[in-house]
Every structure is written in structure tokens, then in C-alpha cells.
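Trainee: Listed below, chain by chain, are the residues.
Number of protein chains: 2
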Amino acid sequence: MAANEFTEPHRVVYYEADDTGHLTLAMLIDLFVLVSENQNAALGLTTEFVQSHGVGWVVTQYHIQVTQLPAIGDQVTLKTRATSFNKYFAYREYWLLDAEGNQLAYAEGIWVTMSYATRKIAAIPAEVMTPYESEPSVRLPRLPRPDRLPAETTLADKPYTVRYFDIDENGHVNNAHYFEWMLDALPADFLRQHQPTDIRIRYENEVTYGRQVTSDYVQPDDALVSQHAIYSGDVLAAKATIQWQAR
Amino acid sequence: MAANEFTEPHRVVYYEADDTGHLTLAMLIDLFVLVSENQNAALGLTTEFVQSHGVGWVVTQYHIQVTQLPAIGDQVTLKTRATSFNKYFAYREYWLLDAEGNQLAYAEGIWVTMSYATRKIAAIPAEVMTPYESEPSVRLPRLPRPDRLPAETTLADKPYTVRYFDIDENGHVNNAHYFEWMLDALPADFLRQHQPTDIRIRYENEVTYGRQVTSDYVQPDDALVSQHAIYSGDVLAAKATIQWQAR
Numbered sequence: 001m002a003a004n005e006f007t008e009p010h011r012v013v014y015y016e017a018d019d020t021g022h023l024t025l026a027m028l029i030d031l032f033v034l035v036s037e038n039q040n041a042a043l044g045l046t047t048e049f050v051q052s053h054g055v056g057w058v059v060t061q062y063h064i065q066v067t068q069l070p071a072i073g074d075q076v077t078l079k080t081r082a083t084s085f086n087k088y089f090a091y092r093e094y095w096l097l098d099a100e101g102n103q104l105a106y107a108e109g110i111w112v113t114m115s116y117a118t119r120k121i122a123a124i125p126a127e128v129m130t131p132y133e134s135e136p137s138v139r140l141p142r143l144p145r146p147d148r149l150p151a152e153t154t155l156a157d158k159p160y161t162v163r164y165f166d167i168d169e170n171g172h173v174n175n176a177h178y179f180e181w182m183l184d185a186l187p188a189d190f191l192r193q194h195q196p197t198d199i200r201i202r203y204e205n206e207v208t209y210g211r212q213v214t215s216d217y218v219q220p221d222d223a224l225v226s227q228h229a230i231y232s233g234d235v236l237a238a239k240a241t242i243q244w245q246a247r
Numbered sequence: 001m002a003a004n005e006f007t008e009p010h011r012v013v014y015y016e017a018d019d020t021g022h023l024t025l026a027m028l029i030d031l032f033v034l035v036s037e038n039q040n041a042a043l044g045l046t047t048e049f050v051q052s053h054g055v056g057w058v059v060t061q062y063h064i065q066v067t068q069l070p071a072i073g074d075q076v077t078l079k080t081r082a083t084s085f086n087k088y089f090a091y092r093e094y095w096l097l098d099a100e101g102n103q104l105a106y107a108e109g110i111w112v113t114m115s116y117a118t119r120k121i122a123a124i125p126a127e128v129m130t131p132y133e134s135e136p137s138v139r140l141p142r143l144p145r146p147d148r149l150p151a152e153t154t155l156a157d158k159p160y161t162v163r164y165f166d167i168d169e170n171g172h173v174n175n176a177h178y179f180e181w182m183l184d185a186l187p188a189d190f191l192r193q194h195q196p197t198d199i200r201i202r203y204e205n206e207v208t209y210g211r212q213v214t215s216d217y218v219q220p221d222d223a224l225v226s227q228h229a230i231y232s233g234d235v236l237a238a239k240a241t242i243q244w245q246a247r
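Protein chains in written order, with the UniProt record's numbering: chain A, 1 to 247; chain B, 1 to 247.
Treat the hints as calculated values from the structure; they're not laboratory data. Among the clues, some could well be false.
As the list claims (entries may be wrong) - Cβ-to-Cβ under 10 Å is the rule here; a few derived chain A residues that face chain B:
#, residue
1, Tyr15
2, Asp19
3, Ala41
4, Leu43
5, Gly73
6, Val76
7, Arg119
8, Trp181
9, Leu183
10, Gly210
11, Thr214
Ideal Cβ positions, reconstructed from N, Cα and C, are used throughout, including at glycine.
The following block holds chain A by itself, in its conformation from the complex (with noise of 0.2 Å):
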């Protein structure tokens, strides 16, 4: 039996984009997490519901891979399927259609329960994962990792300061926010003519509220591709490797 799958229509409107007009990655991000958090309703699946059962959902790796980025205006398909699952892990799948059905973006996501009361991986309560209609599986897809550096590798870095606004329902950063630090530590020039065609990146540690964290970055000149560790501390939060290619 095939996974549920989820669609819900979209338009791009103009806080969602950059001053290029383009969808930022991390509204697209927040446009993937949506998408299944409306199928997760659709199914009687409320935050409420999955929190009665001490826990919330936590990403922990993505891969995400942009053909294009959609312009303000444009109307877009959002589509998701909890794919497979087993007793600790849940694989998603997302998708970004143009309006002629065409594949925009494409992610892939590894998905935990977090215990509130520990704030550690749980096994996921059967009551929230049965209703996705998922393939349980022993061995789930394996998503590629950010590049490891050469240790003796510089990085430069940018200190942010943990906002109130960052906080999500789990009480911490909300995945998305990881990637404002990380690509707002890019020369604004070279964002505005570049833009993400495979992101690559895990979640180590959460995040809390007030922390003051340094988005670390390395970009070798001339290449397509910079590597990001965002640290609270000496604790790595998270890693990424993301690619680019000329707008």
C-alpha cells in the first residue's frame, strides 16, 4: 500500500522572496513543513494531538535540490508523502510544482519524535505515524551529508543573536531560521546573482531562545559551492553544504 500523498495550491507573494523577487530558501523550507503540517490536520493529526503524546516532530537532515525558484506571483503546486518510516526515523518526501505541473524544488527529509520531558529522540508513538499509511521499513533511504572539511580548513564567521521570533511550538530555532543565518553570511552581491540547486544539510543540537550563535562559512573562490556549520558555543547546531549556479 502507497503512502498517502498531500497537495495544496500556492501563490508566491512578496514577503515570501528576496529583492530579487525570487522565493527564498527558507520560505521554501517553510512552504514544504506546511504543506505537511496540512496533511498532517487533514488526517486528525494536530500538534495538539502529537504533543499528547509527549513528543513533537524534529527534522534532522535534509536534501533539498531547485531546478527554479518561483517569482512572486507565480502559482505553485506544494506536495508531500511520509514515504517510510521505522521505529526511531520517518523519511518525507516534498515537492514544488509550476502551474504546468513541472518540478521546481524537491526535498527529502529525516524526521524524529523529540520527548519533551527528556528532549531526546523517542520512539514514535504508532497513534501519530499509522494514519500517513506508510511503508514501515528496517532500512529507510540514506541522504547524502554535508561535505566534511579538511580540518585545517578557515572558516569565517557572523554572530546572530537568538530572536524571540526564531522560537517555534517546540520551544527552539525552527529549522528554517538555520538557513537565514547561514546564507546572510554571504556577500549580498553574490546572493542576488546565484542561487541554491542542492542543499545538503543535518541538524546536530537545538538551538534555544537568547543564545548568541556564529554562522561559520567557507566559500572557495571561484567554486559553486560554500560549506556552513552554525555553532551555539562550542556546540555544533548544524551543518550544510549547499551548491549554487548563476541566476
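For this one, chain A is given, so just place chain B on it according to the hints.
Mentor: Here is chain B on its own, set in the frame of chain A:
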């Protein structure tokens, strides 16, 4: 002849809300600007058309009154009207209504056209104003200003650096982001337990990419009012007075 009105439906989604699940003030402004942009587009007044006259719309002042901020999942209606104008200023009104048509929020704004050549106020081109069928008026409504503070007032301050994603198509910080700086400076627990009910804000000078700003604020003990100023160096960028009530 009364000015054209424009309405559109909207459903509040998770990334528009804070960790209490309510629409943020910055998002309320984004939605009000969105409905006015959609009115513009419906009247053929696209950003490109306005820019072809060498100008962009810039807000100088808002007065916002909030009865109740909607929650995630709420179906609301956005409504706007470009009520009246004179040579240099346009007066616009905004409404946020619940599913039964009850008013959740109301705002008034004073807008000007900024010349891209001089970055100063320019006379409003007739071509960008006529389609609204607004009332020409020598004297526009005067919005209440932020409070004048006693000279000896000491304000706390919190630093922010302007991010690439804060910049809009006018090449400066979008007006909604000022609310993120102003509100984030207040304690998280206060923000969780209170909602803004009356906001008076004046935008004095634009802020551009990469600038360091300070969000200055004072909130007298036990007073449900906060005073705010955003400075870019010695230059006042915006000031505001916000009244609050317990949620």
C-alpha cells in the same frame, strides 16, 4: 465617488505565528501590505509600473489598533482602501476581519512616493494614483504620533545588523522588520503573556543593507506601554509607542 475597496481571504499558517500560536505584529503588517499590493496588481499598478515612473511607495507612519490577533488555522479577511490623497501624501486604511466579519485589527497608513534618483519624497505621479478613485484632499487625516519622551529618559538597547533578507525591492529595510527589532528587545515572557493593542509608529529615515542598528526601548514598571526607537548610528530610523494588554 468613494475610493475602491479590495478584499481577499487568508488563512493564518504556522510560520506567521509566534510560539503562542498567534499572528505576529510583523506578519499583520506584511498581510496589510499584501492586500494593498494585490489591489495594485488588480488595478494594473504593478511594482514595475510604479517603478517606471522613477518612484517606489514608502510608508511614513502607521496607527494600528488590534482587538484580537488571530491564531494558526483561523480563516480571516484582509481589506484595504486607498482612501484619500494630496500632492505628496496618500492615506490608506486596512482591516483584518474574522470569519464572521468581526474586526480583529484596523490600521491607517500614510504613504509617499520616494524618488529612486534622489531617495527623497517626490510628488505622487497621477498615473499611479488615479486608478484607486481616491478622494483628492488638501488636508489628510493626521495619525497620532508616538509619545514624546522626557529628555532624561534612559533607554535600554539591543543591537541588530541588517540582513540581506531584510531588504525589499526599494533597496532598504522593509517596514515590517522594524517590528521584529522593536518587539524582540522586550522580554520573551512579556511577549508571551501580552498582545499589542495600539501601535503608533513613524518611519524617519531608511536603513540599508549591512548597517548596525540599535533597538532602544523603555517600559516603565507595571505600565502596559512601551516606547521604542531604532537608530542607525546617530540617525533616528523609526520610533514607536506600543500599548499592551494581557492575552
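Trainee: What are the numbers of the hints the structure violates, in ascending order?
Mentor: Those not satisfied are hints 4, 6, 7 and 11.
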